[in-house]
Amino acid sequence: MRLRRFGTALSAVLVLVSAVFTSPEAAAGNLLLDDGQIAEVIRHGPWPPAARQDPSNRVSGSAAAIAFGKVLFFDGRLSSNGKIACSSCHDPQRGWTDGLAKAGGLGRLDRNTQSLFNVGANRWFGWAGRNDSLWAHSIGPILDAKEMGMTAEKVADVVRSDRNLSDAYSRTFSREAAGVAPTELLVDVAKALAAFQETIVSDPTAFDRFRDALARGDRAAAGEYPAAAQRGAAIFVGRGNCNLCHLGPRFTNEEFDDAGVPYFTGPGRVDRGRHGGIAKLKSSPFNLLGKYNDAPDRATGWATRHVARNHRTFGQFKVPSLRQLTHTGPYMHDGSLRTIEEVVRHYSTIDLDRIHSDGVQLLRPLGLSEQEVGDLTEFLKSLSTPARGQ
Amino acid sequence: MRKPARVLLAGLILCAAQSASALAACVPDDGLKMAGPPEAPLELAIELKPGTIPVSSPFQADLVICPGHAGLPDNVTLDATMPAHKHGMNYEPAIRKITGDRYEVSGLLFHMPGLWRFEVTAYVNGKPHRFTRDVNVE
Chain V
1 MRLRRFGTAL SAVLVLVSAV FTSPEAAAGN LLLDDGQIAE VIRHGPWPPA
51 ARQDPSNRVS GSAAAIAFGK VLFFDGRLSS NGKIACSSCH DPQRGWTDGL
101 AKAGGLGRLD RNTQSLFNVG ANRWFGWAGR NDSLWAHSIG PILDAKEMGM
151 TAEKVADVVR SDRNLSDAYS RTFSREAAGV APTELLVDVA KALAAFQETI
201 VSDPTAFDRF RDALARGDRA AAGEYPAAAQ RGAAIFVGRG NCNLCHLGPR
251 FTNEEFDDAG VPYFTGPGRV DRGRHGGIAK LKSSPFNLLG KYNDAPDRAT
301 GWATRHVARN HRTFGQFKVP SLRQLTHTGP YMHDGSLRTI EEVVRHYSTI
351 DLDRIHSDGV QLLRPLGLSE QEVGDLTEFL KSLSTPARGQ
Chain D
1001 MRKPARVLLA GLILCAAQSA SALAACVPDD GLKMAGPPEA PLELAIELKP
1051 GTIPVSSPFQ ADLVICPGHA GLPDNVTLDA TMPAHKHGMN YEPAIRKITG
1101 DRYEVSGLLF HMPGLWRFEV TAYVNGKPHR FTRDVNVE
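Chains V and D are the protein sequences, given in the same order. Going by my numbering, the residue at position 232 of the first sequence is 232; the numbering climbs one at a time, nothing skipped. Going by my numbering, the residue at position 34 of the second sequence is 1034; the numbering climbs one at a time, nothing skipped.
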């Protein structure tokens, strides 16, 4: 009897404690960021951004192009051995990348395969930004001898000789593939591939729910975001200065920097990064200053027209988006870091002697404690959806 | 002081006052006056388009020249840097003369938030005069 009474009292106390700790007031008390940090966090949204079409691609956003591009994306006949499709390296089950340190098609490459999540919003494409449009960047792997090893003529043959593909081409471009010159048809294939890739947009994450709650002033809802991730966010927008480059809703400024990762790819071989990328961009017949840009005034080519190929671009690589990180490792341009925690430790102990850029005082070792490494890692993980395909 | 000298001095003061007034009137309402050397024979203002610089997005600007006694510049150049990080822009702006006292600058992009410094050099009779203006980009 005494025991039963004790049990009833204990239950009542537990219910009371539970109510106190799950009340909106208590959850609001779990919000750890100050007003300045909150303002910075709010800048990383909202997500997803409004869909936008690429004016340089006349079939961007077209349902027929998206369907045609999806078929092409998974078709191994776009490679010289008939086995390597775009999806071989950009596998939707592996976060639209391959899970490998370095990419491989017909041969082995020197860089990590970049994920296609949210790729339609890029200003530059590839680790070195060698292309200024998604469709131009889709041509590169098809023609590269180490990737898919095709020619424009062979791609044209594949499309023309397959009834389903040639019908899809006609529906998309309102003309017959048989009457289109091979290079022009290759560009069209790439524009359909781009239309499909533009649809690969990741869903909102735990971070986005936190950010949206802060934006509408709902401190109780914001307080439900894990404490470790909040502490990590405070480092990210605070003394870490991570948001100087990883800014905005996509967590990237769309530009390039030297992150202190070695750019020697073998004895006597150097990856010039952005420096080489700009040279390829300027000489590409497919850049936005050329005749394949569908925008009437080619105004979309402003970045290519003005980009500066100066000395400090040597060894710089694209500042990647941080969304969907948990699904897209390994990390850095050479895939040398296997986990998000390794990336955080890299910036915590960064070797300034490895940074080539002259005089730039941007990166310094963060000197994070073990708990801070964990906190920043948790924050970065919260930028991903639970499932890979989203 | 003899009378002709007094008249000359008064004239000089009047000219200087009128010149300063003309310079102030020349700067547009939404223009940002640039800091230059006191001996510079002109003043400069920069008009941003849009008025607030969006981080990591392209923008344009107009340079407005307020000519002094030496007349308009022969040439104008513009650059921008982040003093705290010791780097400049990743893009090379293009400058086009619209009228004698107005230049349009395109191809500008500030790829990081923080303090940026516009640096304009105006060449008058071949002599460079350097002007600066700091702006905070958020």
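Calculated directly from the structure, the hints in this document are not laboratory data. A hint or two may mislead.
[Said to hold, decoys possible] List time: in silico DSS-like cross-link candidates among lysine-lysine, alpha-carbon distance up to 30 Å:
no., chain 1, residue 1, chain 2, residue 2
1, V, 154, V, 280
2, D, 1127, V, 291
3, V, 102, V, 291
4, V, 282, D, 1033
5, V, 291, D, 1097
| query | Among the hints numbered above, which are violated by the structure, and what are their numbers in rising order? | reply | 2, 3, 4
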